[in-house]
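So you can see what is in the structure, the chains are spelled out below.
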Amino acid sequence: GAGVSQSPRYKVAKRGQDVALRCDPISGHVSLFWYQQALGQGPEFLTYFQNEAQLDKSGLPSDRFFAERPEGSVSTLKIQRTQQEDSAVYLCASSHQTGTSVYEQYFGPGTRLTVT
Amino acid sequence: DAKTTQPPSMDCAEGRAANLPCNHSTISGNEYVYWYRQIHSQGPQYIIHGLKNNETNEMASLIITEDRKSSTLILPHATLRDTAVYYCIVSSQKLVFGQGTRLTINP
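Residue numbers (my numbering), protein chains in the order written: chain A, 1 to 116; chain B, 1001 to 1107.
Next comes chain A alone, as it looks inside the complex:
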């Protein structure tokens, strides 16, 4: 079956531009996560949605980062006024599990963002 898909796969932005990264989770999955992975590092948690509710956004690095999931399926991560330190792979994951018991997350291939 279809897995988690993300688009675009690669994005180059000039410093100061706004970008929007899309995640299509597995159909029916209630939970959705965003992670940021810098080169050579493990993924770092950004935010968590249960259906359309954003229950945890403690990992968002600044108020330039904003995520939404208005209908409880597709999610968009938006980064305003991009900076060079925003260059990373942005991973989306979904799960049929909810709350603190979400151990099995299905990850997409990620979007590689390069800010020049």
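Keep in mind the hints are simulated off the structure, nothing from the lab. From the three backbone atoms N, C-alpha and C, an ideal C-beta is built for every residue, glycine too. It is possible that some hints are incorrect.
Said to hold, decoys possible - In silico DSS-like cross-links for lysine-lysine, where the CA-CA straight-line distance does not exceed 30 Å:
{"hint": "1", "chain 1": "B", "residue 1": "K1003", "chain 2": "A", "residue 2": "K57"}
{"hint": "2", "chain 1": "A", "residue 1": "K11", "chain 2": "B", "residue 2": "K1069"}
{"hint": "3", "chain 1": "B", "residue 1": "K1069", "chain 2": "B", "residue 2": "K1003"}
{"hint": "4", "chain 1": "A", "residue 1": "K11", "chain 2": "A", "residue 2": "K57"}
{"hint": "5", "chain 1": "B", "residue 1": "K1003", "chain 2": "B", "residue 2": "K1094"}
{"hint": "6", "chain 1": "A", "residue 1": "K57", "chain 2": "A", "residue 2": "K14"}
{"hint": "7", "chain 1": "B", "residue 1": "K1003", "chain 2": "B", "residue 2": "K1052"}
{"hint": "8", "chain 1": "A", "residue 1": "K78", "chain 2": "B", "residue 2": "K1094"}
{"hint": "9", "chain 1": "A", "residue 1": "K78", "chain 2": "A", "residue 2": "K57"}
{"hint": "10", "chain 1": "A", "residue 1": "K11", "chain 2": "B", "residue 2": "K1094"}
As the list claims (entries may be wrong) - Derived Cβ-Cβ restraints for the label pairs, each shown as a range:
{"hint": "11", "chain 1": "B", "residue 1": "T1065", "chain 2": "A", "residue 2": "E71", "range": "40 to 50 Å"}
{"hint": "12", "chain 1": "B", "residue 1": "T1079", "chain 2": "A", "residue 2": "A38", "range": "21 to 31 Å"}
{"hint": "13", "chain 1": "A", "residue 1": "E104", "chain 2": "B", "residue 2": "S1009", "range": "22 to 32 Å"}
Using the hints, position chain B against chain A.
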């Protein structure tokens, strides 16, 4: 969440068992041990998880010591496709990935 310590890299011969260690001496009672792996240019993939009992599934086995301060992920018959970074995560809530172990399977 408890901190985990993994060797930065390991090698294993194809067809042999790969044993990946993880230390988590500060683990608390409600924290699970999770293992994920990440093949180059892909998103992480869930492998297995456990609380205190040993676990086995179609991918791997997880052996947790009785005091729960360390664990070992076992890939029983490693193949070239098992070359990846393996992450040991200890958490009661969100997943916190560390640096992982880069496992290379050699032909």
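Checked hints:
1. Straight-line distance between C-alpha atoms of K1003 (chain B) and K57 (chain A) comes to about 22 Å, which keeps the hinted pair within the 30 Å bound.
2. Restraint check: the Cα-Cα separation between K11 (chain A) and K1069 (chain B) comes to about 42 Å, which exceeds 30 Å; the hinted pair is violated.
3. Note on K1069 (chain B) and K1003 (chain B): the hinted pairing holds, with a Cα-Cα distance of about 11 Å set against a maximum of 30 Å.
4. A distance of roughly 23 Å separates the Cα atoms of K11 (chain A) and K57 (chain A); the hinted pair therefore holds under the 30 Å criterion.
5. The hinted pair formed by K1003 (chain B) and K1094 (chain B) meets the criterion: a straight-line CA distance of about 13 Å does not exceed 30 Å.
6. Distance check on the hinted pair: K57 (chain A) and K14 (chain A) sit about 26 Å apart at the alpha-carbon level, within 30 Å; holds.
7. With a C-alpha separation of about 17 Å, the suggested pair K1003 (chain B) and K1052 (chain B) falls inside the 30 Å cut-off, and the hint holds.
8. Among the hinted pairs, K78 (chain A) with K1094 (chain B) is consistent with the structure: their alpha-carbon atoms are about 22 Å apart, no more than 30 Å.
9. Restraint check: the Cα-Cα separation between K78 (chain A) and K57 (chain A) comes to about 13 Å, which is no more than 30 Å; the hinted pair holds.
10. Between the alpha carbons of K11 (chain A) and K1094 (chain B) the distance comes to roughly 27 Å, so the proposed pair stays at or under 30 Å and holds.
11. Checked against the hint of 40 to 50 Å, the C-beta distance between T1065 (chain B) and E71 (chain A) comes to roughly 45 Å, which is consistent with it.
12. The hinted range of 21 to 31 Å is satisfied by T1079 (chain B) and A38 (chain A), whose Cβ atoms lie roughly 29 Å apart.
13. Look at E104 (chain A) against S1009 (chain B): about 26 Å separates their beta carbons, and that is inside 22 to 32 Å.
In the structure shown, a violation is registered for the earlier hint numbered 2 alone.
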